[in-house]
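Construct the entire structure; sequences and hints are all you get.
These protein sequence lines map, in sequence, to chains A and B. Counting from 1, position 61 in the first sequence corresponds to residue 61 in the UniProt record's numbering; the numbering is continuous, with no gaps. Counting from 1, position 221 in the second sequence corresponds to residue 221 in the UniProt record's numbering; the numbering is continuous, with no gaps.
Here are some, though not all, of the chain B residues that point toward chain A, as calculated from beta-carbon distances under 8 Å: (1) Val-17; (2) Val-38; (3) Ile-40; (4) Ala-105; (5) Ile-127; (6) Gly-180; (7) Phe-239; (8) Glu-240; (9) Ile-261.
No lab work stands behind these hints, which were simulated from the structure alone. Positions of the beta carbon are idealized from the N, C-alpha and C atoms, including for glycine.
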Amino acid sequence: MKATTRVTGGRVLLYGFLISLLLVFALPLLWALSASFKDRADIFSYPPQPLPIPAVLDNYRTLLAEQPFWSWFVTSTLVALLSTTIAVGLCALAGFAFAKYRFRGKNVLFNIMFSSLAVPFAVIVVPLFIMIAKARLTEPYFALVVPWVAPAFGIFMMRQFAEQAIPDALLDAARMDGCTEFGLFRRVVLPLLRPALGALAVWSFLNSYNSLIWPLIVISEPGDYTLPLGIQALFGATGRQYDLVLAASVLAAVPSLLVFFLLRKQLLEGLTAGAVKS
Amino acid sequence: MTRTSSSTESWWSRHQVRLAPYVFVSPFFLLYGLFFVVPILVGLYLSGTEWAGLGAPQWVGLRNYQDLLADRSFWTAVGNTGIYVVFTMCVVVPVALLIAQALNARGLRGRDMFRLAYFMPVVISPIVITLVFGLFFEREFGIVNGVLRATFGFGGIDWLGDPLWAKVSVALLVIWRWTGYLTIFFLAGLQNVPRELYEAAAIDGAGPVRRFVDVTLPSLRPVTAFIGVTVLVNSAQIFEEPFLLTQGGPGESTLSVAMFIYRAGFQRQQLGYAAAAGVLLFAVVLVLGLLANRAFGVGRDHR
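Below, the structure written as structure tokens:
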């Protein structure tokens, strides 16, 4: 009671602070959105025009007509969906095993995995590329998926969540009823893990969808480009095609924002579950 | 728990409870070993060789490491990475805590909206973000200089072209991208603190500062530990921000260790040299991680 009614001045200050922060975080994205509807010449006009008046769709039209945007889009999205599906499935299985079974080697395996969270991607990137190149596995749908299929963080998240969300008694009851271990996983565990599955799915999708370094290394054919590569190519191209780049950026952000908004609750819950109660 | 094992049951169904965990973890560890453990071992081997990617690697022992220690670019990269790490720990983390504290205010409306909006930068592709920031920081047409010119009559800062300001630009980008992400962890931690603790402290006559030091900080211990370790480990591997915003420049003023590895491996074809730098980065990150673990007391909570 006291805290809510005490100082209205404090309230004003609080909302002022939070709203200005909101602007700071949102401004670059809103600016990009607005600029993507502007004429190339107007993008840099000063003072900056907040709204694109008159709004033109030319940037989008040119992008879709003259650039293989859809090909980039499809590659990025399919690769991200593929790696997410594999990662979520494998991490759910393994995370459940780490949370609810006792088996020899469990602690050793878990500790290896946990400490590997400290391995910088830059460290494995050179050898991984050599392996892929030597094995001639540079087919994009294989090469692009590889770094994301077995994320140690995913198991960590699943284990944390499974420990709290799955009561042992439920597992035992299902076993008594003659449920097999795999049936147990499919019918009892998976439904209970749903929030964690959602969180890991978003996390994994974004990692793959937004990645730049790895595609930059393994993909050399422009026909195989992912979205970030395509945008980079547009940007590096002659004359810096800001208008096209901005339109491509806005379109590229749609799937990640969509995934994020659809699964935001699970993502925030899942991410913080491991952190708060470790 | 005890299962009735009749002779009609198959071997699998009799042993499945014991064997299931192995079946469950093996697909993961198969891929993990192949695409993660093996590359680390390959990297260790490569770090002792000289190799441009063609022919057979030449074994040179520890020479790459000696060369690295004498390489000024490498030390520049180490210094820059150190600056990024210290900056993130000393600026980004406290700011995130401050914002979380504000978001946790009692009776706040629109908390979820604020939280989501602050988190948003993490969702957007880094190439898009750095592109927009690149335009903002543009010397002649950029909005930042434009606004500075309009308000202070001075806006000639060469944000991306001056060694010092380029570092500042990268730092600003780091703040923008990661503060909201850390905020959600602090906020989750704050929401777990029982209100009664604050009320009890208030009854004992503790002011806001006292309450923060005596109630908030101790309760946030597990979250702080998590954030501390994650931030340390992640900022020691910083790559995308300087790579995309300034390409490590001007000169090498924003070059990070991860960028140094990328440059050696993929632009200069010094694969062994890159691998050696990778091993050193790994070693340093691991040691920092363990130290942070100890300092923040994570180890005690883990089994």
